[in-house]
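**Q** So the protein sequences, as listed, match chains X and V.
First residue of the first sequence? That's 1 in the numbering used here, and the numbers climb one at a time after it.
First residue of the second sequence? That's 1 in the numbering used here, and the numbers climb one at a time after it.
Read the hints as simulated data drawn from the structure, not as lab findings.
You may find that some hints are simply not true.
Chain copies aren't distinguished; within one or between two, either way the pair holds.
Stated by the list, open to error - Here are the computed lysine-lysine pairs in the DSSO-like style, where the Cα-Cα straight-line distance is at most 30 Å:
(1) LYS32 x LYS112
(2) LYS198 x LYS108
(3) LYS108 x LYS195
(4) LYS32 x LYS108
(5) LYS134 x LYS246
(6) LYS198 x LYS289
(7) LYS94 x LYS112
(8) LYS295 x LYS94
(9) LYS4 x LYS287
(10) LYS134 x LYS293
There are 2 protein chains.
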Amino acid sequence: MIPKKNEIEAAYLRIQAHVHNTPVLFSSSLNKTIGAEVFFKCENFQKMGAFKMRGAVNAILQLSEKQKQAGVVTHSSGNFGQAVALAARNLGVKAYIVMPSNAPQVKKDAVKGYDGIISESESTIAAREAASEKIIQQTGATFLHPSNNTDVILGNATAALELCNMQPNLNFIIAPVGGGGLLAGTSLASYYFGKNCKTIGAEPMEADDAFRSLQSGRIETNNTANTIADGLKTNLGDINFPIITKLVDEIIRVEESEIISAMRYIWERMKIVIEPSSAVAVAGLFKEKNKFKNKQIGVILSGGNVDLLQLPFGR
Amino acid sequence: MIPKKNEIEAAYLRIQAHVHNTPVLFSSSLNKTIGAEVFFKCENFQKMGAFKMRGAVNAILQLSEKQKQAGVVTHSSGNFGQAVALAARNLGVKAYIVMPSNAPQVKKDAVKGYDGIISESESTIAAREAASEKIIQQTGATFLHPSNNTDVILGNATAALELCNMQPNLNFIIAPVGGGGLLAGTSLASYYFGKNCKTIGAEPMEADDAFRSLQSGRIETNNTANTIADGLKTNLGDINFPIITKLVDEIIRVEESEIISAMRYIWERMKIVIEPSSAVAVAGLFKEKNKFKNKQIGVILSGGNVDLLQLPFGR
C-alpha cells in the first residue's frame with residue numbers, strides 16, 4: 001500500500017510555485033576523496049532553510065477550503081514548526097505552533113518571524129500533544145505531523161524526484177533518517193524515478209532506532225538520544241515505516257565525531273552551511289566509501305539551520 | 001594609462017579553462033531588507049575559495065616558457081599564497097611561497113596541500129622581501145605581487161566582467177579593498193562592461209588607508225590594522241592606485257561589529273560561508289542602504305576561507 005508514482009508527480013506540480021527547485025552541487029575534491037561522483041541536493045537553500053518546506057506546503061495545499069480557514073497546528077521546536085508557519089503564511093492560512101516553553105529563543109523568534117502563533121507547553125510529548133489537542137478543540141485547526149503523514153512524505157519525495165531528473169543514472173541516494181518522513185519520501189522517488197537506484201538511510205549511532213527497527217521488523221524507540229543531529233532524535237511512524245521497510249536498502253550508522261568531521265568538511269570545502277542532520281548523510285558516505293567507489297551517489301543535504309553561537313567545531 | 005577593455009577580454013579567455021565561472025546568487029529577504037536588487041558574485045565558490053585564483057592564473061599564463069620553467073614566488077600567508085600554489089601546480093609550474101614562521105599551521109597546510117614550496121621567514125615585510133629576493137637569486141623565479149601587478153588586476157577583473165555579462169543593468173558594484181587589486185580590477189570591468197555602473201569600495205574603519213588615499217591623492221598607510229578582515233590590512237600600490245583614483249566612485253568604511261553582523265547575516269540567510277573580507281562589502285551595502293534603494297547592486301563576495309575554530313560570532 002505504498003503511495004503511487006503519480007501521487008508524487010501530482011505533489012511536485014502542486015508545490016512547485018511555492019518551493020525552490022534547489023541546486024545540485026558537487027565537489028571535485030570530495031569526488032576524488034571518495035573515488036565516486038557525488039551529487040548534493042541542496043535543501044539547505046530551500047525556503048526557511050530545510051526540505052521540510054516541501055511537505056508542509058503539500059500538506060496544507062491538500063486541505064479543503066474549510067480546513068484552510070480553520071488553520072493548521074503542529075508541535076515542533078525545529079524545522080517543521082518553521083516550515084508550517086512559513087508555508088501557512090504564504091498560503092494565507094493560520095498556523096498554531098506548539099513549542100516547549102524552554103525552546104531556544106532563536107527558534108521561537110524564527111517561528112514568530114513567519115507569523116506563526118506560538119503556544120507554549122511543557123516539553124514532554126504528552127504535554128505537547130495535549131496543547132495541540134486543546135487548540136484543535138478551540139479552533140478546528142488540522143493537525144500536521146512532521147513525518148508520519150502521507151502528504152508530508154509525498155512533498156518530501158519531490159527533492160529526490162528533482163535530483164533523479166537532473167542525475168538520472170544515480171546508483172544510490174543517501175538521506176538522513178529521524179522521524180522517517182524524508183527517508184520514506186526519498187525512497188519512493190528513487191524507486192519510481194531512478195534506474196535501479198538504491199536508497200540508503202544515515203543515522204546517528206546515538207539514536208539508531210531506524211536501524212534497529214529494520215532489524216526487528218517493528219518500530220523501535222531510543223532510550224537516550226545524545227546526538228548533535230537534533231532533527232534526528234524522533235522515531236519512525238506507522239505510515240512511513242512500511243515504506244522504509246519495503247524500499248530502503250540499508251541504514252548506515254555514524255558516530256558523533258564522524259558527523260562533526262563531515263559537517264566541517266562540507267563547510268570548509270564547499271563553502272555552504274549545512275546542519276548536523278545533513279552531515280549525518282555525508283558522514284555515511286565517508287564511512288562506507290568502499291561501497292560507493294566508482295558509483296554515482298546522490299546525497300540529500302536536508303537543511304542549513306544552525307545556531308552560529310553553538311557550533312561543534314573544536315569539540 | 002589604465003588597462004584597455006580588450007586586455008580584460010583577453011585575460012577572460014586566457015583563464016577561463018582554469019577557473020570557475022562562479023554562480024551569482026541573491027536573497028529575497030535581503031532584497032526586501034535593502035529595498036533593492038542585490039546580486040552576489042560568489043567567489044567563495046572559486047577554486048581554492050577566493051577570487052585570488054583568477055589573478056594568479058592570469059599572471060602565470062603570461063609568463064614566457066623560460067620563466068615558467070624557473071617558477072614563481074610570492075610572499076603571502078593568506079589567499080594569494082594558496083592561489084599561486086594551486087594555479088602553479090595546475091599549470092605545471094613550481095611555486096615558492098614565503099610565509100612567516102608564525103603563520104597558522106592551517107594556512108601552511110593549505111599551501112602544502114597545493115604542493116607549494118614554503119620558505120619560512122620572520123614576519124616583517126623586510127624579512128619576507130629578503131626571503132623572496134633570495135629565492136629569486138637562487139632559482140630565477142618570477143615574483144608575483146598579490147595586488148600591485150597588472151596581470152593580477154586583469155585576472156581579478158574577470159569576476160566583475162562575468163557579473164556584468166549576467167546582470168547588464170547594474171547601477172553599482174561593491175568590492176572590498178585591501179591591497180587594491182580586486183577593487184582596481186572590479187572598477188575596470190564595471191567601467192568597460194557595465195552601463196554607467198559605478199564602483200564602490202568597502203573598507204574596515206580600522207584599516208581605512210584606501211579611503212584616506214583617495215582623499216589625499218597619495219598612497220596612505222595604516223599605523224594599526226586591528227580588523228577581523230585579515231585580507232584587507234595591506235596598502236594600495238602604484239599600479240592599482242591610479243586606476244582606483246580614476247574609476248572608483250567612493251569608499252564606504254565599516255565598523256568591526258558591522259562586518260561581523262553582515263557575515264552572520266549571509267551565513268544564516270543564504271547558507272553560504274564567506275570570509276570577513278567579503279562581509280566588509282556586504283556591511284557597506286547595509287550601511288548605505290538609502291543610497292542603494294530601488295537600484296541593482298552587484299557585490300563581489302571575495303572568498304570563503306575561514307578558520308572554523310576562530311569564528312567571531314558571539315563576540
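**Q** Each hint should be assessed against the structure and marked as holding or not.
**A** Hint-by-hint comparison with the structure:
1. LYS32 x LYS112: Answer is between; shortest inter-copy Cα gap is 18 Å, intra-copy 43 Å.
2. LYS198 x LYS108: neither (38 Å within a copy, 41 Å between copies)
3. LYS108 x LYS195: So LYS108 and LYS195 fail the 30 Å test inside a copy (42 Å) and across (45 Å) alike.
4. LYS32 x LYS108: between (41 Å within a copy, 22 Å between copies)
5. LYS134 x LYS246: This pair counts as neither: shortest intra-copy Cα distance 36 Å, inter-copy 68 Å.
6. LYS198 x LYS289: Answer is within: at 15 Å inside a copy they meet the 30 Å cutoff, but 49 Å across does not.
7. LYS94 x LYS112: Result: close within a single copy only, 12 Å intra versus 56 Å inter.
8. LYS295 x LYS94: So LYS295 and LYS94 fail the 30 Å test inside a copy (45 Å) and across (34 Å) alike.
9. LYS4 x LYS287: Classified as neither; 33 Å inside a copy, 52 Å across copies.
10. LYS134 x LYS293: For LYS134 and LYS293, the Cα distance exceeds 30 Å both inside one copy (52 Å) and across copies (46 Å).
Hint compliance for this structure: hints 2, 3, 5, 8, 9 and 10 are broken, all remaining hints hold.
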